[in-house]
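Colleague: Could you put together the complete structure from these sequences and hints?
Listed in order, the protein sequences are those of chains V and U. Just so you know, we're using numbering that gives the first Met the number 0 here: the first sequence kicks off at 0 and counts up by one. Just so you know, we're using numbering that gives the first Met the number 0 here: the second sequence kicks off at 0 and counts up by one.
In short, the hints are calculated from the structure, not lab data. Treat the hints with caution; some may be incorrect.
Cut-off 20 angstroms, straight-line C-alpha distance, at most; resulting in silico cross-link-like pairs (DMTMM-like, lysine to aspartate or glutamate) [unchecked claim]:
no., chain 1, residue 1, chain 2, residue 2
1, U, Lys195, U, Asp161
2, U, Lys235, V, Asp20
3, U, Lys235, V, Asp26
4, U, Lys206, U, Asp194
5, V, Lys211, V, Asp192
To give an idea of the chain U side of the interface with chain V (calculated C-beta under 8 angstroms), a few residues [as the list claims (entries may be wrong)]:
no., residue
6, Leu96
7, Gly97
8, Ile107
Glycine included, every Cβ here is placed at the ideal spot set by N, Cα and C.
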Amino acid sequence: MTEQLEMRLSGAAARTAAAVDWAPPPDHGWTRDVVGPALRFPDLDTVTARVHEELARGHVVLPDADNLVRRCVHALLVGHLVLQGPPGTGKTTFARALAAGFRAELSESTATSDWTPFHVVGGLRPDSGGGFSASHGHVVAAALRCAELVQAEQEHADGETQANWLLVDEFNRADIDKAIGSLFTVLASCDADHLRKTPVELWFEAEPAARKLWIPARFRIIASMNDLDTYFVNRISQGLTRRFQFVTVGVPEETGTAEQPVTEEFRQAYANAQEWLARTYALEVPGDTEWLARLQSVVDRLRHPENGVSWPVGTAQVVDVLRVVLLRMASGAQLWAGVDEAIADRMVPQMAGIDDEQASTFLEVFAAHRLATAARELRHLIGAP
Amino acid sequence: MEPRNALRDGFANWLEHIVQGSRVRAGRRLEPFGTSLRNSARLVPWLGQTERGEALTVTDRVQAVADMRAMHLVFGEYPSHRLTALGSATLARWRELGVDNESRDDEIARCAALFGQAARLGVGEYLDMYGFWCELTAIRPAEHWLADVFSLYLPSYLDQSDPSGYNPFRVLIAVAGGELGGEQDWYHWAGTEHDKLLATFVNRIAKARPGGRRAFCQGMEAYRIARTEPRALPGKLAEWGIPHD
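Modeller: Structure representation (structure tokens):
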């Protein structure tokens, strides 16, 4: 800490240093001094209310939202979190809302099959001068930012943002055990006592003072993973599983009824699509939503068919369809034909991998709703005549 | 080894070549300022006025333009002079850093920024000065050369060749390991031998005005340290007395 303070300049000295493009040499020793503070947690109601506010702003409706938010808030008070569920259920938006609820920044990354410890921890990267320079991986960069925020709070006590967290989308696209393996020890607990004893070794840093990084107790990783694409993802070891709390985010249970044919989820999804159209293309479409109830009926029957062979259509997929429909409406296309084409183009391609029973059920749903294009696309997808 | 013992026979002829009457050839440059311009603060309003096409707020405008032209900051003759790429870049950088003022506290920052822009644009004379400075700091620490006027100017005066190719600076590097001698050594030598040329030479160096050169060399030194031993820069700036707020 002392050494780092000596590196801080102000006034004419700072201007002189800036004139020669000086940057303080890396030194992470100070991060040991900011491990301690636990997450600031006013109370459960305040944090959950903030999370709900963020979700409402993003027009995201989660199934059993109160319970889900509470579980995740508790999980984060303890440690790291994995949100799992079908695609399009709002996991990423939920992760952002959770971070906002705790007044934490969120560094976002997306795992890929190429991920190695270089992407997670860091390593040496060729530089423009023909040499190599240190490059921080996602966890290290995010934890360092978190440490800076904790330090800023300690020094000024005026920052509302208390931490920086890392979001790893598509967590299981990577061979995450291999990529994150060297962090197993540090990820075992978010307790300050544990973290003080387990600095991350940054072997690639040139400066000896920068070769150890202490992770703040306020740092969290929220990972999201799609548990549907089992053919394309990697398995997660028991060892890694133990280091995260897993919470499932499913599709909303509520369906349209005779009295209320459009659910809150669909109203929010519609509002989201309208906002997007106005913001992005300055277009507005009339508010006639009779067709929305029909679309709700299609989605309800895909999610909850009478024979129980379902397809978990996520809210984000509904929003995608609605955006296409509204765009087509704005350009004067026939309404239900537009819905049919939007389902065919946006929803059906994600049905690759369904079994024969599901295909048969969904073709019936499409036929019942006069979605000829969607039915044709689905038959094409599954190779049916 | 004292310089007088190292410099050998060629020195007398060399001295005759560079000392002509009361004039002494200045030798190799370590700062870009002309004799009538000894700091960068005066350049701040002039560069701004040139940029805006306004008259310079100085009595001798022709001389001011000549000084700026010698620094590669403007081209053309007064009053149709214009900023060069270096002039524009320097002014922009000073503004960016908030040193487009006439404060003495920011003199080294302005010099460093001027040098940084010249280095970026590849202005040869500035790069030569930096090369010379790096050579000097490889022989002795920067503080040795910055310690007094004599140490600051002696290398420049010595590093020039006469028509025979004799160069006392290079001799002292090769023979005396870069020991150039201090002011007292040279005065002692001049007094002992009652050598008028040598006395003129030594007096000229001792009476040089160091302001602009010291700040510019400090700017180059800050630039060098930032690239070679960045951890040392804050301490060096404090040692030089550059104020923090």
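Colleague: Identify whether the interface hint at Ile107/U stands, where standing means a beta carbon of chain V within less than 8 angstroms of its own.
Modeller: holds, 5 angstroms
Colleague: For Lys235/U and Asp20/V, compute the direct alpha-carbon distance and say whether it is at most 20 angstroms.
Modeller: Holds: Lys235/U and Asp20/V sit about 15 angstroms apart, inside 20 angstroms.
Colleague: Under 8 angstroms, Cβ to Cβ, is where Gly97/U needs to be relative to chain V, so tell me if that hint holds or is violated.
Modeller: holds, 6 angstroms
Colleague: What's the verdict on Lys195/U and Asp161/U, does the C-alpha distance respect the 20 angstroms limit or exceed it?
Modeller: Since the Cα atoms of Lys195/U and Asp161/U sit roughly 19 angstroms apart, the hinted pair holds (cutoff 20 angstroms).
Colleague: Quick one, are Lys235/U and Asp26/V close enough, alpha carbons at most 20 angstroms?
Modeller: Holds, at about 19 angstroms.
Colleague: Just to be careful, I want the Cα atoms of Lys211/V and Asp192/V compared with a cutoff of 20 angstroms; is the pair within it?
Modeller: The hint holds at about 16 angstroms.
Colleague: Taking 20 angstroms as the top limit, are the C-alpha atoms of Lys206/U and Asp194/U close enough?
Modeller: Cα-Cα ~18 angstroms, so holds.
Colleague: Just to be careful: measuring from the Cβ of Leu96/U to every Cβ in chain V, is the smallest value less than 8 angstroms?
Modeller: holds, 5 angstroms
Comparing the model with each numbered hint stated earlier shows that all of them hold.
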